[in-house]
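S.K.: Chain by chain, the residues run as shown.
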Amino acid sequence: MLVAKIAFALTASAVVAGTYVCHQGFVRVDQDDFQGNHVHVWIPAVIVPVAMRVVPKRELQEAAAQAAPWLPALRAFTKGLEKYPTVELVDVRDSSDHISIRTQDGTLLISADRPGKRVRVTCPLGLLQSVSETLAANAPGI
Amino acid sequence: MAAHRQFRTLQSSVLVTSLYGAALLLLPFPGMAQTSAQSSSAATPAPQNVSSGSSERWLHVRVNNGESKDETVRVNVPLELAEKVLPSIDRDRLHGGKIKVDDIDCHGVDVRAILDAVRSSKDGEFVTIQDKSSDVRVAKQNAYIYVHVIDKNGSKKSHVEVKVPLKVVDALLSGAKDELDISAGLRALAAQGDTELVSVKDNDSTVRVWLDSKNLSD
Chain V
0 MLVAKIAFAL
10 TASAVVAGTY
20 VCHQGFVRVD
30 QDDFQGNHVH
40 VWIPAVIVPV
50 AMRVVPKREL
60 QEAAAQAAPW
70 LPALRAFTKG
80 LEKYPTVELV
90 DVRDSSDHIS
100 IRTQDGTLLI
110 SADRPGKRVR
120 VTCPLGLLQS
130 VSETLAANAP
140 GI
Chain F
0 MAAHRQFRTL
10 QSSVLVTSLY
20 GAALLLLPFP
30 GMAQTSAQSS
40 SAATPAPQNV
50 SSGSSERWLH
60 VRVNNGESKD
70 ETVRVNVPLE
80 LAEKVLPSID
90 RDRLHGGKIK
100 VDDIDCHGVD
110 VRAILDAVRS
120 SKDGEFVTIQ
130 DKSSDVRVAK
140 QNAYIYVHVI
150 DKNGSKKSHV
160 EVKVPLKVVD
170 ALLSGAKDEL
180 DISAGLRALA
190 AQGDTELVSV
200 KDNDSTVRVW
210 LDSKNLSD
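Line by line, the protein sequences are chains V and F. Take the first sequence: its letter number 66 is residue 65 in numbering that gives the first Met the number 0, and every next letter is one higher. Take the second sequence: its letter number 103 is residue 102 in numbering that gives the first Met the number 0, and every next letter is one higher.
Next up, chain F with everything else stripped away, as it sits in the complex (with noise of 0.2 Å):
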């Protein structure tokens, strides 16, 4: 009798053992995702999840450099991170996600004012250079300022566009006069739909920076 109260203890001990050690194995295993990420990131670096919650907006940046594309350059930022991050750095001219920009060397050109200037202005074209070597125009133009640059010197043709929506110009002008608030200007890029920043093309190499909302840059 007392053999078989000693066996039934012993079965209800492995029992609840057992579902114990079930539950946990059920959990995912970080230690073990390390093992299987080491191996894979010797191979590609290529993380799962593509698609990310609407809200979420993603900054990338990508350079391709060298005729066989062998030189790349991937940043994927989310902007909330950002957004978090940037205000707890409190180093040289960075302070509370504001920039001081009246120490910055700038030629003598001020650039708050110059920005001031572009977003009260109507649209329309500011400034078209047309030369032997070089295309230069800058437009303000359903609430975006756009930049394009055609440099023909040699036989090495580049085009630069930029284009940057003016609720981020407003947002970065919305701080005090000496400063630029970085912060406020990615609020208002998070706002902004699906659009390309930057372009750079030239023979030998590609750069774009650009917004969407998926969390990996191919």
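The shape of chain V in the complex, shown without the other chains (with noise of 0.2 Å):
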């Protein structure tokens, strides 16, 4: 019995850590060529907060200050774009290439087809807002 409940525990953890790992969506890179060269990076999107935390400080002051300059308006943009969970931003084609940036259930998608090849970036706003503080409170200046 105890064995039983031990294991009746682990599982609804699975589920519960599951379904808080879906909720909380995933940052997603899909790179296809009609070559057979496939890259697709799925990250959860709740492990991207912590895992900075354990990131060197000196790494994350050294891409806090690259990225300095945009940091304002990245975080303008993310906490603006909050209000807008669904909307097509950006969408450009012609006979052969297609992209698009736009917004669907709270993530921003990123989208650019050419002929032989495909890429998709799809990312929370949440947590990229999430990111862009991180990094302005590492970044000098701001």
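Worth flagging that the hints you see were computed from the coordinates, not collected in a lab. One or more of the hints may lead you astray.
Here are the simulated distance ranges between beta carbons [stated by the list, open to error]:
hint	chain 1	residue 1	chain 2	residue 2	range
1	V	M51	F	A175	55 to 61 Å
2	V	R92	F	K156	25 to 31 Å
3	V	E81	F	R136	43 to 49 Å
4	V	F33	F	K99	20 to 26 Å
5	F	G192	V	T85	21 to 27 Å
6	V	A64	F	E195	41 to 47 Å
7	F	L93	V	R113	53 to 59 Å
8	F	S120	V	M51	43 to 49 Å
9	F	G192	V	F33	44 to 50 Å
10	V	A64	F	Q140	50 to 56 Å
We put the CB at the ideal spot given by N, CA and C, even for glycine.
Once you've looked at the hints, go ahead and assemble the two chains, each given alone in its own frame, into the complex.
M.R.: Have a look at this one:
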């Protein structure tokens, strides 16, 4: 009976943890070309802020210094976009290429298609805001 | 008795976990949304919600090019978002939502002085040019500045119409003498009703820039 209870507790915890991770969304980078090269990176959004806390301070400051000129704009952009969870911002297409930037259900989606190549990047807006705030906190003079 | 107590404990644990899981499942799943968004973006990039709050103002840019209209540019910018982002950009000539115009090369033309002169003058037609190749008309009427150009060169006839609210011009000129206050211009633009600002039409392409309260250009 004890083993059953432990197993149940572990399963329930896993289900709850899995549900929470899914709820927070994923950062996804998918790149496919028709020569057979495929890159698919899925990172649960929930682990990114945690990972940023364990990154060495010096590395974080270096990254923040590089991004510093654009951090205020990024923060304003991500904070402002919270009001627009589902919207098409930019869509450019011609006979061969198609580029799209939009939000859907609180996620920023960037897609680029050209003959033989396809790139998709998705990132929850809340995560972008959290990352930009963490970088701003580590950037000198911001 | 002990077995019965254990069963009751297990039963209540299952109930609590189920309720918690159900509550989480009822919340929207961004992760799942991404998956559906990805599959839909490959086909048609069409966000679902079309209308927005009456106070929200959107600037739309639409370019159609090519006879088959297979080259398109669609840009939809919420003015409130632009108002927030612009002051935070501090690059080149753009600082705090204002752009320095003193060193912009306009072939010796003082853009600010011209705008100021037009703003303070009475309604009327300022420029009228009519010749074989083109008709040009610049006028001020009902608190708008209008620019109409008809290019009659060759077989390709093109029409350009630009309509700028004077309040936007006032707002642009509200800063220091050597700068245009873009943020103030956007705020003034946001206060305008639905209006078409720029329209360019020729045989090959159309360009439209307009303002409304919808978040989609179509």
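S.K.: I'd like to know which numbered hints this structure contradicts. Please list them from smallest to largest.
M.R.: Hints 1, 4, 7, 8 contradicted; others consistent.
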